[in-house]
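Colleague: This is what each chain is made of:
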Amino acid sequence: MLTQMIPEIGHYALVIALLLAVIQAVMPLAGAATRRPLWMAYARPMATGQFLFVAIAYACLTTSYMLDDFSVANVANNSNSMLPWYYKFSAVWGNHEGSVLLWSLMLAGWGYAAASFSRELPRDMVARVLGVMGLVCVGFLLFILVTSNPFERLLPHMPADGADLNPLLQDIGLILHPPMLYMGYVGFSVVFAFAIAALLGGRLDAAWARWARPWTNLAWACLTVGIALGSWWAYYELGWGGWWFWDPVENASLLPWLTGTALMHSLAVTEKRGAFKSWTLLLAITTFSLSLLGTFLVRSGVLTSVHAFANDPSRGFFILMLLGITVGLSLLIFALRAPRVSHKVGFSWLSRDALLLINNLMLVIMTVTVLLGTVYPLLLDALDLGKISVGPPYFNALFVPLTLIMSVFMGLGPISRWKETAPSLLVRRLWLAAVVAVVLGAALPLIFAERWSAPVAVGLIAALWIVLPMLRDLYDKIRRASTLGAGLKKLSLAYWGMQLGHLGVAVTIVGVAVVSNYNIERNVRMGPGDSVQVAGYTFTMIELTDRRGANFLADRAVIEVQRGDSNRRFTMNPEKRLYLATGMPMTQVALRPGLFRDLYVAMGEDLGDGSWAMRVQYKPFVRWLWLGALLMSIGGVLAVADKRYRRMATAPDPEETALKPAGGDRGKEATA
Amino acid sequence: MTLSLTPKRKQKLYVILGLVALAAIAVGLTLYALRANINLFFSPVQIAAGEAPIERQIRAGGMVREGTVVRNPDSLDVEFTVTDYVDDLRVHYSGILPDLFREGQGVVVVGQLQQSGYLKADQVLARHDENYMPPEVAQALEEAGYKPEDFQQKAADVAKRLEAEDANGDSATSSSY
Numbered sequence: 165m166l167t168q169m170i171p172e173i174g175h176y177a178l179v180i181a182l183l184l185a186v187i188q189a190v191m192p193l194a195g196a197a198t199r200r201p202l203w204m205a206y207a208r209p210m211a212t213g214q215f216l217f218v219a220i221a222y223a224c225l226t227t228s229y230m231l232d233d234f235s236v237a238n239v240a241n242n243s244n245s246m247l248p249w250y251y252k253f254s255a256v257w258g259n260h261e262g263s264v265l266l267w268s269l270m271l272a273g274w275g276y277a278a279a280s281f282s283r284e285l286p287r288d289m290v291a292r293v294l295g296v297m298g299l300v301c302v303g304f305l306l307f308i309l310v311t312s313n314p315f316e317r318l319l320p321h322m323p324a325d326g327a328d329l330n331p332l333l334q335d336i337g338l339i340l341h342p343p344m345l346y347m348g349y350v351g352f353s354v355v356f357a358f359a360i361a362a363l364l365g366g367r368l369d370a371a372w373a374r375w376a377r378p379w380t381n382l383a384w385a386c387l388t389v390g391i392a393l394g395s396w397w398a399y400y401e402l403g404w405g406g407w408w409f410w411d412p413v414e415n416a417s418l419l420p421w422l423t424g425t426a427l428m429h430s431l432a433v434t435e436k437r438g439a440f441k442s443w444t445l446l447l448a449i450t451t452f453s454l455s456l457l458g459t460f461l462v463r464s465g466v467l468t469s470v471h472a473f474a475n476d477p478s479r480g481f482f483i484l485m486l487l488g489i490t491v492g493l494s495l496l497i498f499a500l501r502a503p504r505v506s507h508k509v510g511f512s513w514l515s516r517d518a519l520l521l522i523n524n525l526m527l528v529i530m531t532v533t534v535l536l537g538t539v540y541p542l543l544l545d546a547l548d549l550g551k552i553s554v555g556p557p558y559f560n561a562l563f564v565p566l567t568l569i570m571s572v573f574m575g576l577g578p579i580s581r582w583k584e585t586a587p588s589l590l591v592r593r594l595w596l597a598a599v600v601a602v603v604l605g606a607a608l609p610l611i612f613a614e615r616w617s618a619p620v621a622v623g624l625i626a627a628l629w630i631v632l633p634m635l636r637d638l639y640d641k642i643r644r645a646s647t648l649g650a651g652l653k654k655l656s657l658a659y660w661g662m663q664l665g666h667l668g669v670a671v672t673i674v675g676v677a678v679v680s681n682y683n684i685e686r687n688v689r690m691g692p693g694d695s696v697q698v699a700g701y702t703f704t705m706i707e708l709t710d711r712r713g714a715n716f717l718a719d720r721a722v723i724e725v726q727r728g729d730s731n732r733r734f735t736m737n738p739e740k741r742l743y744l745a746t747g748m749p750m751t752q753v754a755l756r757p758g759l760f761r762d763l764y765v766a767m768g769e770d771l772g773d774g775s776w777a778m779r780v781q782y783k784p785f786v787r788w789l790w791l792g793a794l795l796m797s798i799g800g801v802l803a804v805a806d807k808r809y810r811r812m813a814t815a816p817d818p819e820e821t822a823l824k825p826a827g828g829d830r831g832k833e834a835t836a
Numbered sequence: 630m631t632l633s634l635t636p637k638r639k640q641k642l643y644v645i646l647g648l649v650a651l652a653a654i655a656v657g658l659t660l661y662a663l664r665a666n667i668n669l670f671f672s673p674v675q676i677a678a679g680e681a682p683i684e685r686q687i688r689a690g691g692m693v694r695e696g697t698v699v700r701n702p703d704s705l706d707v708e709f710t711v712t713d714y715v716d717d718l719r720v721h722y723s724g725i726l727p728d729l730f731r732e733g734q735g736v737v738v739v740g741q742l743q744q745s746g747y748l749k750a751d752q753v754l755a756r757h758d759e760n761y762m763p764p765e766v767a768q769a770l771e772e773a774g775y776k777p778e779d780f781q782q783k784a785a786d787v788a789k790r791l792e793a794e795d796a797n798g799d800s801a802t803s804s805s806y
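Residue numbers (our numbering), protein chains in the order written: chain A, 165 to 836; chain B, 630 to 806.
Fair warning: there could be bad hints in the mix.
Said to hold, decoys possible - Below, a list of computed lysine to aspartate or glutamate pairs in the DMTMM-like style, where the Cα atoms sit at most 20 Å apart:
no., chain 1, residue 1, chain 2, residue 2
1, B, K749, B, E684
2, A, K551, B, E772
3, B, K789, B, D706
4, B, K641, A, E584
5, A, K807, A, E284
6, A, K551, B, E771
I should point out that these hints are in silico values taken from the structure, not numbers from a laboratory.
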């Protein structure tokens with residue numbers, strides 16, 4: 165009896181969560197405006213309660229999936245009794261309604277976290293931050309309840325079995341990628357709320373920046389991993405070995421990442437130097453707005469892709485309204501209040517401040533170019549000016565040179581000083597790194613590859629130019645200490661975070677440069693006994709078999725691979741699956757991963773005469789793409805663990821490290 | 630009028646000038662890159678009317694007409710006809726067709742239209758579309774003065790018939806395409 169009511173309980177919990185969110189939005193904001201502590205005190209319990217009830221709703225939906233309750237429309241459309249339990253669990257977010265519910269759950273979760281870890285913040289700041297987050301929650305809970313109720317029933321005509329989850333989504337990628345990506349998207353709501361709170365309260369000092377930085381880093385780290393997971397998933401799941409398509413949906417996740425990266429760096433300047441205040445606020449607003457724009461693009465059905473589940477115009481309209489209200493209101497508040505918090509600080513043209521400004525500019529230019537390429541076709545279509553698409557050449561033509569320009573400044577940034585850096589110092593510390601980067605970068609492809617490639621050399625030079633100055637800096641810092649251990653101990657976690665983050669960028673650049681230029685792809689016709697040579701590996705098809713999986717039938721090829729003349733052999737088993745419930749075919753790639761190369765074999769199509777079209781690929785350094793992203797996010801998390809954020813928890817001292825003169829404790833400073 | 634330029638103001642001025650210059654360069658480059666890299670969509674009826682440029686990257690689309698897929702037995706070259714049920718477009722492609730490519734289903738091809746009238750495709754995109762006809766194609770039909778609903782229906786009928794045939798055959802070796 166009780167199990168039959170689960171969907172209704174979930175629905176009811178959502179309604180309660182919405183009411184709590186309304187109170188969370190109204191009372192603390194009103195309390196902060198009128199200085200009433202009692203009203204402000206509503207913020208924390210409401211945030212907690214809201215999270216609890218959204219979690220109940222989410223648990224109810226998950227239970228319906230687990231129990232195969234096909235009377236719930238959402239379950240019937242996206243699950244099947246044959247589906248393994250872990251896919252039932254993740255199928256919850258493999259569709260529009262469920263993924264918006266997950267979005268809201270995470271939003272409420274971040275709100276709860278902000279409420280829990282803000283004991284040391286001034287009362288009115290907490291009230292405003294949680295109030296703004298409450299407002300965002302109201303928007304999304306309304307969106308769910310009004311347009312995308314996941315608990316809708318199919319009574320009394322409930323289907324005997326579900327329509328099944330899209331086979332493309334039946335993969336570990338679905339379990340990992342969306343939650344991570346959403347954590348990132350939604351996480352930027354916290355820094356957004358901090359920005360609005362700063363504007364409303366008129367308080368924006370080093371302490372504010374120090375509160376906002378960990379939240380930004382965490383959200384950014386999640387988004388980085390989420391994007392990398394998406395790329396990795398597309399790489400092996402779509403069956404043709406691409407890892408970035410400049411698909412509008414991918415771009416939608418890249419946009420907040422770019423401005424989020426700019427925001428992290430701008431926050432560093434705001435904390436250390438008290439500069440770029442308005443700019444930081446604007447970036448916080450922009451980043452969250454782009455997260456919303458991404459949600460709009462993906463959820464409204466204006467795009468057709470594997471990500472767009474539903475084409476319901478009312479939903480698109482609702483999110484567009486939400487986006488419009490958020491952007492409009494926050495920009496209005498910004499315009500009215502920003503002059504109050506802004507503050508002019510002078511700096512020289514050769515200083516870490518200026519270099520970070522350039523970094524920010526580059527990132528914003530990248531954002532604009534990607535945004536333009538993504539939205540331009542949609543705008544033309546909406547205005548009835550023709551159907552066009554903007555292809556990868558456009559994005560590559562702009563994004564690659566911009567990245568290279570930025571890496572030039574990335575080499576300079578970490579070793580320069582705040583406020584002013586003597587050119588002679590930079591030259592003295594960097595000339596060797598520059599020479600080594602150019603020589604090594606140009607020589608490495610000559611030594612290790614069969615043919616020299618200019619783009620690879622440029623990519624390697626850029627990566628080395630990012631890494632070598634950092635090594636030099638590390639060396640200088642440790643050299644000054646009495647022992648190696650003491651030197652290492654003095655370096656802060658924030659410094660290591662910066663080092664790792666930048667190393668990650670370099671690693672990703674290497675991966676992109678090498679795999680884009682040394683990738684070998686052969687599309688061949690193969691039958692049993694046929695073999696093909698790719699990059700020194702011999703791929704021989706031994707036989708074609710078939711097998712039956714839990715919910716699919718598969719044609720399976722057994723491919724034996726031999727490297728050069730050596731006797732070491734191994735087999736790879738690509739499959740072409742036919743999913744029974746939907747009748748959809750799917751390519752299951754066989755991968756032989758390695759740090760320096762991936763071997764990639766996919767079955768294309770049955771050519772009818774006993775042979776198959778096979779796609780055989782040699783992908784050098786492809787893992788470096790995702791490895792770099794992983795390093796970046798570890799760097800982001802490491803910086804959060806820095807002791808100055810923890811010290812804040814015990815002894816709040818806003819002015820402590822805020823405006824130390826340049827050249828003081830360099831370990832603590834090096835956090836850009 | 631004398632404008633006193635304190636160092637701070639001077640710096641501010643340079644920042645703003647630099648921003649404007651950078652923004653102008655960025656927008657200029659972007660628009661240039663955009664012009665060179667946009668792919669316009671054409672449906673068979675538009676291509677038959679001579680609206681599409683020759684030997685420039687375009688996108689075209691429609692339904693794969695049943696019984697027109699011809700494979701070269703020695704290579705991965707394949708030819709097929711894309712139709713909007715008014716006009717046809719012959720497509721040449723070399724490589725692996727996507728999983729969802731089937732006769733009677735909607736496809737979008739990216740490639741260059743050749744002098745002799747066929748399209749040399751670099752890329753074939755298939756989609757399992759419950760509308761049975763890509764919306765671009767339906768719109769192009771409407772603009773050419775046809776009633777897209779009639780052709781939608783025709784496309785749906787063909788697709789359903791093929792699907793039914795598929796289901797009747799041995800589904801594990803459904804290699805009719």
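Colleague: Work down the list of hints and note, for each, if the structure agrees.
Modeller: Quick rundown of the hints versus the structure:
1. B:K749 <-> B:E684: Judged against 20 Å, a Cα distance of about 9 Å means the pair holds.
2. A:K551 <-> B:E772: holds, 13 Å
3. B:K789 <-> B:D706: violated, 28 Å
4. B:K641 <-> A:E584: With Cα atoms ~17 Å apart, B:K641 and A:E584 stay inside 20 Å; holds.
5. A:K807 <-> A:E284: holds, 15 Å
6. A:K551 <-> B:E771: holds, 14 Å
When held up to the earlier numbered hints, the structure conflicts with hint 3 and nothing else.
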